[in-house]
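Q: Using this note's numbering, you'd call the opening residue of the sequence shown number 4 and step up by one each time.
Derived from the structure by calculation, the hints contain no laboratory data. Beta carbons: idealized from backbone N, C-alpha and C, even for Gly. Wrong hints could be hidden among the right ones.
Simulated DEER-style distance windows between Cβ atoms [claimed, not checked]:
no.: 1; residue 1: L329; residue 2: A501; range: 39 to 49 Å
no.: 2; residue 1: G356; residue 2: H513; range: 44 to 54 Å
no.: 3; residue 1: L259; residue 2: T508; range: 20 to 30 Å
no.: 4; residue 1: G526; residue 2: T210; range: 31 to 41 Å
no.: 5; residue 1: H513; residue 2: G209; range: 46 to 56 Å
no.: 6; residue 1: L183; residue 2: V258; range: 34 to 44 Å
no.: 7; residue 1: D350; residue 2: V322; range: 41 to 51 Å
no.: 8; residue 1: G356; residue 2: H126; range: 50 to 60 Å
no.: 9; residue 1: T140; residue 2: A538; range: 54 to 64 Å
no.: 10; residue 1: G356; residue 2: T508; range: 15 to 25 Å
no.: 11; residue 1: A467; residue 2: A530; range: 14 to 24 Å
no.: 12; residue 1: V125; residue 2: E428; range: 19 to 29 Å
no.: 13; residue 1: V120; residue 2: V359; range: 56 to 66 Å
no.: 14; residue 1: F128; residue 2: R294; range: 47 to 57 Å
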Amino acid sequence: MSTLLNLSEDGPRPEDTVLLRLPRRRTAPADGDGAGHRPDETVALRVLRPGEARPAPDETMALRILKPGEAQPAADETMALRVVDPQAAGLRTAPDGPPVPLPADPLDELAERLADVCARAVHPFEIAAVLESDGLTDEQAAVLYGRTDSFSIADELFARTERRHTAPPEPADPWQADPLRTLLRGLLFALPGLAYLPAAPFLRSGTAAGALALTALVGWALNQALAHRAYAWRALGARYAVGRSLLRGGLAATVLGTGAAALAGATWPVLLFAAGQSLYLASATVLLVTRRAKRLMGALTPTAAAAAATLATDLPQHVALAGPALSLVLAAAFAGIETGRRLRAGDPPPAGGVPVADSLPHGLFGLAVGALVLTASFGDPWRPAPAGGASAAVALTLSMGLAEWLLFRFRSRSVTALHTSTTAEQFRTRTDRTLLGLLAGYLAVLAALGGGAALLWTARLPAAGQLGALLLLGALLWTALLLQVFGAVWPPALICTAAAVAETTATAVHPAAAEAAGLAATGLAVAAMILITRARTGRVTAHR
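Take these sequences, add in the hints, and give me the full structure.
A: Have a look at this one:
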């Protein structure tokens with residue numbers, strides 16, 4: 004506490020007395036009365052009369068102003084302090100009785116001015132640094148604030164101020180996704196299946212199912228690897244390498260898919276359809292990699308129209324096939340335009356390029372997932388297709404748009420948790436809760452899609468075993484895609500491959516237990532995938 008004593012302009016007079024009253028925060032109640040002030044809470048300063056003797060030690064306090072030319076007093080003659088009763092000492096008080104109060108503590112004004120700094124500080128040294136940057140010296144601290152230095156002021160300001168750390172700014176979220184766009188992508192994945200409706204009369208041979216399934220497996224595997232290579236080249240900014248990769252990979256996938264159907268003994272109508280299917284998968288890969296999904300949706304319009312007309316009226320078979328044929332021509336033309344644009348770029352590919360081995364797990368994943376989906380939907384060589392099994396493939400395909408949106412939601416919520424969590428354990432808990440919540444939401448929608456598709460397909464709900472297999476397969480696919488988003492590509496590929504091999508082997512050895520074997524294999528794969536996903540996504544460094 005400090006104050007400024009201002010005596011009269013014509014010099015001190017004997018009656019010049021100043022009362023210093025202690026602040027309220029230092030005042031203790033007298034006799035239990037919190038409103039009163041004890042007499043011993045007042046300090047009196049009195050100017051000595053000329054010639055008055057030096058006061059005894061028990062007297063109030065003496066301030067004597069030296070006359071001009073007078074010798075300096077000894078050290079023990081300067082001042083005496085004693086707390087007294089102002090009434091007993093005969094000191095003047097305010098007209099209403101209480102002692103004249105001192106001005107407020109000047110540190111209060113400083114605390115108000117530095118309120119934000121003091122509230123955000125985690126140590127008094129931060130406040131001291133601000134004071135010293137403002138030019139506060141030890142002399143100024145003593146004269147202006149009655150403290151020894153800036154550190155003592157900082158200690159008191161830190162002690163008297165409540166911590167109020169400002170909320171961090173809202174983090175930028177790069178993982179925002181348009182729900183409508185992702186849902187339309189699910190529809191985009193499902194529309195090609197409508198081509199089977201007008202083409203069904205031509206696909207009734209005994210080898211058609213096996214040939215088309217083999218063509219689909221080859222196409223899924225090769226185009227998954229092709230998409231990875233194209234995306235990798237695009238990330239390097241090599242437009243020519245993207246076009247070259249799409250051209251070579253698309254042609255190879257088309258030729259190999261058609262060749263697989265031929266090896267399976269497909270008839271000419273089936274072989275032509277398999278070639279068109281392979282060409283469409285390669286064209287769709289080109290358009291999706293080059294971000295031309297709208298063009299692909301437009302190319303599929305004739306197929307959708309032909310399928311609707313086939314269901315509504317009895318169209319001639321060759322007329323009905325015009326829709327899928329036109330869609331194939333449009334998709335291939337759009338893909339050729341996009342590929343040509345990149346080939347004309349002429350920029351040399353970066354040194355080193357993209358190793359072929361980097362695309363291997365993506366191709367293996369596409370092959371394994373294709374095998375699992377085809378087995379769940381259409382059976383295998385050792386057992387017939389389950390009743391209404393194709394509805395499972397339809398439900399999975401339609402749900403892929405939602406799955407993609409939920410992947411974005413997971414990344415978005417993880418960014419929020421990264422900025423709001425205070426410990427690594429709290430962050431892990433939040434990511435685990437987000438993982439389980441989004442997975443449960445996806446499975447609920449998938450169950451609804453599976454039930455609806457089964458009702459349309461067979462006019463009855465799917466059996467418990469079929470619905471369980473569909474949900475396990477959906478959980479496996481979604482967690483695998485989530486791991487791939489975080490850069491873990493080999494675990495999903497190996498786990499899905501192991502599940503497919505185990506299910507196929509168990510079915511071949513004991514066909515009667517095919518359903519139980521499939522549930523067990525897929526269930527174990529889902530459990531392993533969730534454990535790996537928790538370990539991967541629970542690390543803070545995985546989200547930076």
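Q: With reference to the structure, classify each hint as holding or not holding.
A: Okay, the hints, checked on the actual structure:
no., hint, verdict
1, L329 - A501: 39 to 49 Å, "42 Å, holds"
2, G356 - H513: 44 to 54 Å, "47 Å, holds"
3, L259 - T508: 20 to 30 Å, "25 Å, holds"
4, G526 - T210: 31 to 41 Å, "33 Å, holds"
5, H513 - G209: 46 to 56 Å, "25 Å, violated"
6, L183 - V258: 34 to 44 Å, "37 Å, holds"
7, D350 - V322: 41 to 51 Å, "46 Å, holds"
8, G356 - H126: 50 to 60 Å, "53 Å, holds"
9, T140 - A538: 54 to 64 Å, "57 Å, holds"
10, G356 - T508: 15 to 25 Å, "38 Å, violated"
11, A467 - A530: 14 to 24 Å, "20 Å, holds"
12, V125 - E428: 19 to 29 Å, "22 Å, holds"
13, V120 - V359: 56 to 66 Å, "59 Å, holds"
14, F128 - R294: 47 to 57 Å, "53 Å, holds"
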